[in-house]
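Mapped onto the UniProt record's numbering, the consecutive letters of the sequence shown carry residue numbers 1 to 186.
Hint data in this document are derived by calculation from the structure and do not stem from the laboratory.
Be aware that a few hints might be false.
[Claimed, not checked] Below, computed lysine-lysine pairings styled on DSS-like, alpha-carbon distance capped at 30 Å:
no.	residue 1	residue 2
1	K55	K17
2	K82	K25
3	K55	K25
4	K82	K17
5	K106	K156
6	K82	K55
7	K181	K106
8	K17	K73
9	K156	K25
10	K106	K82
11	K156	K55
12	K82	K181
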Amino acid sequence: MSVISLLRQRRAVRNLKPDLVEEDKIHALLEAAVLAPNDRLREPWHFYVIQGAAKQRYEDLARRYLEQRFPTKPNLVAESLKVVTATPLVIVVTSDIIADDEASSKDNEYAVACAIHSMWLAANELGLGLVWRTRGVGLVHDERMREFIGNPDNKKVVGTLFVGYPAEETPATARTPPREKTTFLR
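Given these sequences and hints, build the entire structure.
Structure (structure tokens):
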């Protein structure tokens, strides 16, 4: 399959079956991630694979977060938690922070974004669905996530990936043609 075809097939898959993701497929996703381009080959990523008892602790953490954030909206909390509880595999991805070097730290974040995208493309090939969450139940911007993964001082959480087998086909979304977003300077 061509790269362009693969990119056209990539989807944010939010509705997942509860079926466990096989260990070999998890390793294939991680292998795809580490092939991403990265400045000076710093390989600035770290992956926290959340399964089993840790997944239950993550669900509890997400529940507390949502209840605190939306105390008067129990239906919103319940709907948001369905995403977490139905997802069989969660992977938190961090980027290395380089002390006193903001530019390199930012480059590291870009590399981690590429690693996540590589995982996204590999997931499709493996028959898996994936969605990259940076807000809400992804807890990317919440200090509780850092505590959950062990408070690594030199790491920034870039994304929480919800991975599993798609429960249904996800239709393509319309995209703005590149000609409407491009300026050629000559």
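How the hints compare with the structure:
1. For the given pair, K55 sits about 15 Å from K17 by alpha-carbon distance, which is consistent with the 30 Å threshold.
2. The hinted pair formed by K82 and K25 meets the criterion: a straight-line CA distance of about 24 Å does not exceed 30 Å.
3. At roughly 18 Å between alpha-carbon atoms, K55 and K25 fall within 30 Å of each other, so this suggested pair holds.
4. Using a Cα cut-off of 30 Å, the hinted pair K82 and K17 holds, with the two alpha carbons roughly 11 Å apart.
5. Proposed proximity of K106 and K156 is supported: the alpha carbons are some 10 Å apart, at most 30 Å.
6. Simply put, K82 and K55 have alpha-carbon atoms about 13 Å apart, close enough for the 30 Å limit, and the pair holds.
7. Simply put, K181 and K106 have alpha-carbon atoms about 24 Å apart, close enough for the 30 Å limit, and the pair holds.
8. A distance of roughly 26 Å separates the Cα atoms of K17 and K73; the hinted pair therefore holds under the 30 Å criterion.
9. Using a Cα cut-off of 30 Å, the hinted pair K156 and K25 holds, with the two alpha carbons roughly 25 Å apart.
10. With a CA separation close to 33 Å, the supplied pair K106 and K82 exceeds the 30 Å bound.
11. Between K156 and K55, the direct Cα distance comes to roughly 20 Å. Compliance with the 30 Å bound is thereby established for this hinted pair.
12. With a C-alpha separation of about 36 Å, the suggested pairing of K82 with K181 is violated against the 30 Å cut-off.
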